[in-house]
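A.B. asks: These are the residues of each chain, in order.
Number of protein chains: 2
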Amino acid sequence: MSGNIKQAAAAARRASQLLATTPEAVRDEALAAIAAGLEAARERIETANAEDLQAAAQMVADGELARPLVKRLNIAGGKFAAIVEMVGAVASQPDPLGVTQAATELAESLELYRVSVPIGVLGVIFESRPDALVQIAALCLKSGNAVLLKGGKEALRTNQVLAEVIAGAAAGVSGIPEGWLYLLESRDDVRAMLDEDESIDLIIPRGGNEFVRYIMENTRIPVMGHADGVCHVYVDSHADLDKAVRVVVDSKTQYVAVCNAAETLLVHADIAERFFAVACEALSARGVEIRGDERTRGMISGNGKVTPATEADWGYEYLDLVLAVKVVDRLDEAVEHINRYGSHHTDAIITEDREAASRFLAAVDSASVTHNASTRFADGFRYGLGAEVGISTNRLHSRGPVGLEGLTIYKFMLMGDGHTVDDFEGGQPQGYTHRPLAKAWESDI
Amino acid sequence: MSGNIKQAAAAARRASQLLATTPEAVRDEALAAIAAGLEAARERIETANAEDLQAAAQMVADGELARPLVKRLNIAGGKFAAIVEMVGAVASQPDPLGVTQAATELAESLELYRVSVPIGVLGVIFESRPDALVQIAALCLKSGNAVLLKGGKEALRTNQVLAEVIAGAAAGVSGIPEGWLYLLESRDDVRAMLDEDESIDLIIPRGGNEFVRYIMENTRIPVMGHADGVCHVYVDSHADLDKAVRVVVDSKTQYVAVCNAAETLLVHADIAERFFAVACEALSARGVEIRGDERTRGMISGNGKVTPATEADWGYEYLDLVLAVKVVDRLDEAVEHINRYGSHHTDAIITEDREAASRFLAAVDSASVTHNASTRFADGFRYGLGAEVGISTNRLHSRGPVGLEGLTIYKFMLMGDGHTVDDFEGGQPQGYTHRPLAKAWESDI
Numbered sequence: 001m002s003g004n005i006k007q008a009a010a011a012a013r014r015a016s017q018l019l020a021t022t023p024e025a026v027r028d029e030a031l032a033a034i035a036a037g038l039e040a041a042r043e044r045i046e047t048a049n050a051e052d053l054q055a056a057a058q059m060v061a062d063g064e065l066a067r068p069l070v071k072r073l074n075i076a077g078g079k080f081a082a083i084v085e086m087v088g089a090v091a092s093q094p095d096p097l098g099v100t101q102a103a104t105e106l107a108e109s110l111e112l113y114r115v116s117v118p119i120g121v122l123g124v125i126f127e128s129r130p131d132a133l134v135q136i137a138a139l140c141l142k143s144g145n146a147v148l149l150k151g152g153k154e155a156l157r158t159n160q161v162l163a164e165v166i167a168g169a170a171a172g173v174s175g176i177p178e179g180w181l182y183l184l185e186s187r188d189d190v191r192a193m194l195d196e197d198e199s200i201d202l203i204i205p206r207g208g209n210e211f212v213r214y215i216m217e218n219t220r221i222p223v224m225g226h227a228d229g230v231c232h233v234y235v236d237s238h239a240d241l242d243k244a245v246r247v248v249v250d251s252k253t254q255y256v257a258v259c260n261a262a263e264t265l266l267v268h269a270d271i272a273e274r275f276f277a278v279a280c281e282a283l284s285a286r287g288v289e290i291r292g293d294e295r296t297r298g299m300i301s302g303n304g305k306v307t308p309a310t311e312a313d314w315g316y317e318y319l320d321l322v323l324a325v326k327v328v329d330r331l332d333e334a335v336e337h338i339n340r341y342g343s344h345h346t347d348a349i350i351t352e353d354r355e356a357a358s359r360f361l362a363a364v365d366s367a368s369v370t371h372n373a374s375t376r377f378a379d380g381f382r383y384g385l386g387a388e389v390g391i392s393t394n395r396l397h398s399r400g401p402v403g404l405e406g407l408t409i410y411k412f413m414l415m416g417d418g419h420t421v422d423d424f425e426g427g428q429p430q431g432y433t434h435r436p437l438a439k440a441w442e443s444d445i
Numbered sequence: 001m002s003g004n005i006k007q008a009a010a011a012a013r014r015a016s017q018l019l020a021t022t023p024e025a026v027r028d029e030a031l032a033a034i035a036a037g038l039e040a041a042r043e044r045i046e047t048a049n050a051e052d053l054q055a056a057a058q059m060v061a062d063g064e065l066a067r068p069l070v071k072r073l074n075i076a077g078g079k080f081a082a083i084v085e086m087v088g089a090v091a092s093q094p095d096p097l098g099v100t101q102a103a104t105e106l107a108e109s110l111e112l113y114r115v116s117v118p119i120g121v122l123g124v125i126f127e128s129r130p131d132a133l134v135q136i137a138a139l140c141l142k143s144g145n146a147v148l149l150k151g152g153k154e155a156l157r158t159n160q161v162l163a164e165v166i167a168g169a170a171a172g173v174s175g176i177p178e179g180w181l182y183l184l185e186s187r188d189d190v191r192a193m194l195d196e197d198e199s200i201d202l203i204i205p206r207g208g209n210e211f212v213r214y215i216m217e218n219t220r221i222p223v224m225g226h227a228d229g230v231c232h233v234y235v236d237s238h239a240d241l242d243k244a245v246r247v248v249v250d251s252k253t254q255y256v257a258v259c260n261a262a263e264t265l266l267v268h269a270d271i272a273e274r275f276f277a278v279a280c281e282a283l284s285a286r287g288v289e290i291r292g293d294e295r296t297r298g299m300i301s302g303n304g305k306v307t308p309a310t311e312a313d314w315g316y317e318y319l320d321l322v323l324a325v326k327v328v329d330r331l332d333e334a335v336e337h338i339n340r341y342g343s344h345h346t347d348a349i350i351t352e353d354r355e356a357a358s359r360f361l362a363a364v365d366s367a368s369v370t371h372n373a374s375t376r377f378a379d380g381f382r383y384g385l386g387a388e389v390g391i392s393t394n395r396l397h398s399r400g401p402v403g404l405e406g407l408t409i410y411k412f413m414l415m416g417d418g419h420t421v422d423d424f425e426g427g428q429p430q431g432y433t434h435r436p437l438a439k440a441w442e443s444d445i
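Protein sequences, first through last, are from chains A and B.
So in the working numbering the end of the first sequence lands on 445, straight run, no missing numbers.
So in the working numbering the end of the second sequence lands on 445, straight run, no missing numbers.
None of these hints come from the bench; they were simulated from the model.
Worth double-checking, as some hints may not be accurate.
[As the list claims (entries may be wrong)] Sample of chain B residues at the chain A side, in silico, Cβ under 8 Å: (1) 20; (2) 284; (3) 358; (4) 362; (5) 372; (6) 376; (7) 377; (8) 399; (9) 409; (10) 410; (11) 412; (12) 413; (13) 414; (14) 417.
[To be verified] Negatives, chain B to chain A, calculated, CB over 12 Å: (15) 165; (16) 287; (17) 289; (18) 329.
C-beta: ideal position from N, C-alpha, C; glycine also.
Chain A extracted, bound-state conformation (with noise of 0.2 Å):
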């Protein structure tokens, strides 16, 4: 079993160095070949995908399996289409391959370009979400990378299929290597890849803290991801009642189950009492439970629905409809505390003060910092990356919502005439020029 990981691996690193020279119009076509044969081969998909609702549906009924997950297990209907059309939206994305990302003339006739080329092989574990593997894999084709795939076990069905499917059909396509793409279909299938550091360059877990930490604790490949999502909302003394209330209520309500939902709430002492005093009733009608420190718990006085917050409860990832609060004195010592229990992840600022608003996205260490708008915009969508593989809290290569130019790096290209380093540092040295040119790579071919 793990034999055949070990050679899907390779298999996938030699299909990503031809890949890497596969031009866009190559990956394109392809990309058009999958949703193609997506359609063609609809009636086939939905009735694996029923094979799985069902068994999944027996699942929840044994108590093996959380009711949330059978619905997104769901591909029937709009859904279906609109997973063709996302691999059409990342075909229509501009080539992120190729990128002349600096140019410099070292001396006469010798230029050096930084271009973009892919990352190489992926591995993507992925949530029950059938959709998330098509997504995948189109967002990888499309930046030259080959990737092997683990989804959940009760998509395992409907996950095969569309892995064939689209195999199938990027395999019709010439030029497009074999073995690009590859299904792993168990727990020891992804044991077995975590230890192909040889061929795989980077694991992207996607799904919950345990099981991240799990991944990021069993591999030397690099990671990149987020295991915790504890995102915080602070209401600043000159912030604007209205705005305040609308973003900590969406921030905390619009979508409790994700990792840019909010956690934590810091209100400055000045605006506390104003603001408990519309912002409580705003929350206790989408049903939100109030953790308050001692101070908050004074100041929304006979409210019986705050209960004590402890030391437990700050950096503490509810995913929930509860939301911790906290009264500080002073913006530095919100900073403070978001440095030292967020998870790094999404901070928002709710002020009208703009040297304040400065002063905290500065100082907050966290992916993306928002200035009087929701935690909930830190998305590779919203953001306008397209789709997204991922929300990183890595502080190497990609941080936050994680889209096509996430899965490339560069390649330095130097062109010379026959150039030497002794030419330049030998006997009667000439001197380099490193004059920035204005083009862009150009290949012959």
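Since the structure of chain A is already known, use the hints to place chain B on it.
C.D. replies: Then chain B, alone, in the frame of chain A:
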């Protein structure tokens, strides 16, 4: 002891959060103070260096240290002035922080900026040259990163004085936090540092192959750098013979003990005899031993200086006056050999055929690829990046020579006016504009 390192790493994390908001003028003022401080402490530094040199000479006599390391240890005379000058050169580079990399209008009054920020805390382990300490410290301060440094033990006295002078000079500048620079003094310190994945974001090990592998295998912190440097030169059938000889000789002999020196030469069969007729003499005049495959040996007939190459010679890093040579029948065979045996560092093609050059540059999966230019150019100074912290064969974050920009990552800053996701995705949704903005992020502080 390891408790000290834990504390130093935590202090560096706090310092990094403050450094991230330090204006360029303050960082440049600190670099100027460091340059002045080094000048003022010249006598103390040179005394410490003389003690290191004396101890090193004894170690060489006792067979405990290689002689070339002693030469690199010496910072007297012109070397000292060059070190001070380098600090000024780093200060005069453009600010790598606060650069707007992308700006997008998501909707009316909702603007997204992607702005460069420091990585955070770096751990850099470097060889015996004390000038490396000054260079790394300057690069880190300019890019707003805190740093834990460990130099060679034979340079300890010099490094102690340098680190003390640098930290002291920077501390005299208002706005520079304490604890941004910390000198490790022993291997136990390094081992302790490798455990501090909560506080340290990136390890940069500079040094030999085995050492780098040890680091990579003993930490969960991301590691940037390279183990091997197995560079190839491929002489194509359409090579200009004079350029080919010049570039091969320079790539192999200009400085043999470095990662960007060539170790393997691949020659197209159509040109091999003519090329060997001129190249062998030039290489032999430089004392290069050729290890040839069977076809190479057949073509360099009657030349006793060619020893047979075995499988072990492909992909071997000699770091010496030895060159493995193989005759190939096609450009693709050269590419496959390089991608299989190379270290993805720097590889060159020599040809007058521009299409062949483009194919090689696209298909060779290395950080740097050169056309008619020596592999020895792969270096931060020569590439015009200013100083360099190292050369990376990673496929994430930074690849090839790494300068100031490679020490940064970015942060998304979203500026709204009370915007909620529900406005866009709720009952009566408004649309995203996703319009590129031709303006840079402007802070209000």
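A.B. asks: The structure should be examined with respect to each hint, and the outcome stated for every one.
C.D. replies: Hints and how they fare:
1. At a threshold of 8 Å, the smallest CB-CB gap from residue 20/B to chain A is about 7 Å, leaving the interface hint in force.
2. About 18 Å separates the beta-carbon of residue 284/B from the nearest beta-carbon of chain A, more than 8 Å, and the hint is not met.
3. At a threshold of 8 Å, the smallest CB-CB gap from residue 358/B to chain A is about 4 Å, leaving the interface hint in force.
4. Annotation: interface hint on residue 362/B holds; nearest CB of chain A at approximately 5 Å, less than 8 Å.
5. This hint holds: residue 372/B has a C-beta 5 Å from the nearest C-beta of chain A, less than the 8 Å allowed.
6. Taken as an interface hint, residue 376/B checks out: its beta carbon lies about 4 Å from the nearest beta carbon of chain A, inside 8 Å.
7. With a least beta-carbon distance of about 6 Å to chain A, the hint placing residue 377/B at the interface is held under the 8 Å criterion.
8. A least Cβ separation of about 5 Å between residue 399/B and chain A falls short of the 8 Å threshold, and the interface hint therefore holds.
9. For residue 409/B, the shortest C-beta to C-beta distance to chain A is roughly 5 Å, which falls under 8 Å, so the interface hint holds.
10. Contact between residue 410/B and chain A, as hinted, is supported at the beta carbon level, the nearest pair being about 6 Å apart and thus within 8 Å.
11. Checking residue 412/B against chain A: minimum C-beta separation of about 4 Å stays under 8 Å; hint holds.
12. Taking 8 Å as the C-beta cut-off, the interface hint given for residue 413/B holds, the closest approach to chain A being about 5 Å.
13. The beta carbon of residue 414/B is positioned within 8 Å of a beta carbon in chain A (closest approach about 4 Å), and the interface hint is therefore held.
14. Nearest Cβ of chain A to the Cβ of residue 417/B: about 5 Å, under the 8 Å cut. The hint holds.
15. With a least beta-carbon separation of about 29 Å from chain A, residue 165/B lies farther than 12 Å from that chain, consistent with its non-interface assignment.
16. Its beta-carbon lying about 16 Å from the closest one in chain A, residue 287/B satisfies the requirement of being farther than 12 Å from that chain.
17. Non-interface status of residue 289/B relative to chain A is upheld: no Cβ of that chain comes within 12 Å, the nearest being about 20 Å off.
18. Interface exclusion of residue 329/B from chain A stands, the closest Cβ pair being 20 Å apart, more than 12 Å.
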